[in-house]
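Chemist: Using the sequences and the accompanying hints, generate a full structural model.
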Amino acid sequence: MIDLARLPRLVKDRWASTRRDLGMISLLLQGKHPPPLIPIAAQAVTESAVQPRALRVEQVVRETPDALTLWLTDPSGAALRCLPGQFFTVLVPVAGKLERRAYSASHYVADGSRLALTCKRIAGGKVSSFLHEYAHPGMLLQVLGPSGQFGVTPQPGLARKLVLIGGGSGITPLWAIAQAVLAEEAASTVTLLYGNRSRADIIFADALGELGKAHPQRLVLRHVLSEPSPDFASGSGILDQATITQELGALGCLGRDADYFVCGPQPMMEAARAVLLREGVAPARIHEERFATPQLAQEELPSTTQTVELAHKGQTTLVSVAPTETILEAGLRHGVMLPFSCTMGGCGACKAKLAEGSVAQPEPNCLTSQERQAGQVLLCVSHPRTRCRITVP
Amino acid sequence: MFDLNTLQRLLPVRYRDRMDEAVEILTLLKEIQDPRVLLSLGPSGLRGLIWKRGKQGVPTKVQASHSAHFDFTYPADQPDMQTLYQRAKQGQWDADMLPWQTSVDPENPEVPLIPDNFIGWDELQAAGIRLTETEKRRLLHSVTAWMLSQFLHGEQGALFAAAQVTEAVQFFDGKLYGATQVMDEGRHVEVFHRYLTQKLGKLYQVNDNLFVIIDALMADGRWDLKFLGMQIMVEGLALGAFGVVYKLTKEPLLKQLLKMVIQDEARHVHYGVLALRSHIRNELTEREKNEREDWALEVALLMRNRFMAYEVFEEWGEGKMSREQWRHMVSHAPGMIQFRQVMFSRLVPNLREIGLMSPRILPRYEEAGLLKYMTGLSADQLSGEDLVRSLDVAS
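Chains L and C supply the protein sequences, listed in that same order.
All residue numbers for the first sequence refer to this note's numbering, where the first residue is 1 and numbers rise by one.
All residue numbers for the second sequence refer to this note's numbering, where the first residue is 1 and numbers rise by one.
Simulated from the structure, these hints should not be mistaken for laboratory data.
Quantities reported herein were computed from a predicted structural model and do not represent experimental measurements.
Certain hints may be false.
Stated by the list, open to error - Sample of chain L residues with no beta-carbon within 12 Å of chain C, all distances over it, derived:
#1 Arg222
#2 Gly252
#3 Glu309
#4 Pro323
Claimed, not checked - Straight-line distance between alpha carbons at most 20 Å, and here's what the computed DMTMM-like set of lysine to aspartate or glutamate pairs gives:
#5 C:Lys255 / C:Asp386
#6 L:Lys161 / L:Glu185
#7 C:Lys255 / C:Glu107
#8 L:Lys213 / L:Asp240
#9 L:Lys351 / L:Asp257
#10 L:Lys353 / L:Glu288
#11 L:Lys32 / C:Glu315
#12 C:Lys247 / C:Glu385
#13 L:Lys161 / L:Asp21
#14 L:Lys32 / C:Glu324
#15 L:Lys32 / C:Glu123
#16 C:Lys61 / L:Asp21
#17 L:Lys32 / C:Glu24
#18 L:Lys126 / L:Glu363
#19 L:Lys32 / C:Glu21
#20 L:Lys32 / C:Glu318
#21 C:Lys250 / C:Glu110
#22 C:Lys372 / C:Glu286
#23 C:Lys61 / L:Asp13
#24 L:Lys353 / L:Glu363
#25 C:Lys136 / C:Glu167
#26 L:Lys32 / C:Asp94
#27 C:Lys61 / C:Asp80
#28 C:Lys259 / C:Glu123
#29 C:Lys89 / C:Glu315
#30 C:Lys89 / C:Glu24
#31 C:Lys247 / C:Asp392
Glycine is no exception: its CB is placed at the ideal position from the N, C-alpha and C atoms.
Modeler: Structure follows, in structure tokens:
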């Protein structure tokens, strides 16, 4: 018996198959032929030598309608230490591909007994949607890190002035920095300028208020909302150059004696940098953290295996790098103990010098324009386009 | 009179190559003498050569028509197959154990994948193609990747055919053995795919003629024909082909990989000989036997004459030389000649052993220059270790 419900699909399949068959004859008549090679880049990801550790989700805290904090522990009992401001890379398999995203440690935990990662849901974001839909206590997450140079090392003897400028989910590393400095450095002060759309979007709103109350002399908190509410004290507008100049001026924070930590959307970061440089702040005092996932379009990926000569610790190793893997993965697979941390182009731990050849390297990444010009590459996101010679420090 | 060659010369180059392809298909049809063989290979020929089902870039379905043969009495019916089953269990290996950390530079002349003489450089030069040293290395890399790609596609066919044969075969000990072969073929797909994608970085489409053979085997409902096609012909040829590359390559990972694969393959062909020997001698009518004899010869010739690495030509030579010139180069390259010869040195003794070399067919083998392999050892007289040893001695 023919199942009538399946009939349309059968007809559709048969029609598609006939069209493909006729397409081949049509190619022949045009004097052409199907491509001789099968693209390898379209194959599934190869097994990676980068071994993350599995952390257990202990608690999921909804901070705002679209932000949540995952409290994680290491099932082996090991401490999860990091510097306030550093981030971790979360690896999530989505549709057969291992996706990597960076999330800052958002709370300062002095003894490292647990780790908080705060994740804002991005419209269409594969990993953030996955975490928002499926994260639950008991779940294991594959995590790499900590990584990154952004942040502070708390030192009890110091008396410093920190100005934190954050927008939206950019608060996460700043919140950890503020907590750490206020807890560990009795003589330091912190000013936080924090921009959001509305009151409901403020991540850690209550906790920020409480920290302010606990350290009334040392923490100055200033919210700026583009949609302010009458019952909530805040500035109004978005954090562009004018607003930042005005707000920092009013807070008395445009001096050259402060250290600035900036994290948020790209336009806000550019505005803050412009204002601070204009006010004569030394570039070394401006610390920035960018969160973007570097992506290479499929067509930019090389389609053939290339040989890469890796010079590391006085030894030179020839490594063949398949189109589906990065130079870092290939190097580790060949037993070269390359340095790495975030594996997503965000921390610079795998920075190396490209002495010869050319690589495809996704943007944005953490390299500065000077580093780029000097031929520096990030092994964790680079795919060789030609035979390459690379020196790893 | 209407002359195809004249017409061909009048066409623009790319049409000339397609015309060459069409003429080749027509010649093939003309060459098949037995109408029953034509009938059984015809639909597969249409799917593979005209519709190019293997190259459409999407999964393709082949309708199977065999019956699964159940036996709930579990007879111990074939002691030879039982022994083979024991050997197969002990011979299992894990592909992860191969030295995958080996650095493979496919274009390094000091560790060549295949020797220089695999390609007829003089022929190429005669066709007006001068290659630099780097281009030569790349072409050798491509030819190796092409051969290994066809091995890989053949192994996929073998994987499915082994599963079908395990269902269809009437010997219970054969079914248990068959299960190990399915595992073996899965592992072979794994290693060839891994080597091609991770080490050579190149994967070629399935050759149209290989697709025809696989398609014909999968679709044919007669179990003994599946056996003949897969266990004797494809496996036998593969064994020869692997042997040549094993002998010639200087690349240690590929050599090790092929050594392991050859030892598995030797069991597979042995099984084919065991299963078919008494069946062909005792169960088949003269007419059925003749049909299989013709079928085997046609498939053998198809494999010998039609594996011309056209996919490499399409990538490299198109526009620079004609398809005909390429074919001439491939069929006269010293390496390729050796390749074809060794393939048949394994196949012909097995056809003799199972009884498909009656005096009726011998003149045609003679004509094809294949009779000189008649006296070789058949698979049931050779173990995998013997095979590897004989290759080691020869190299």
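Chemist: Identify every previously stated hint that the structure contradicts and give their numbers, smallest first.
Modeler: 3, 4, 8, 9, 10, 13, 15, 22, 25, 26, 27, 28, 29 and 30
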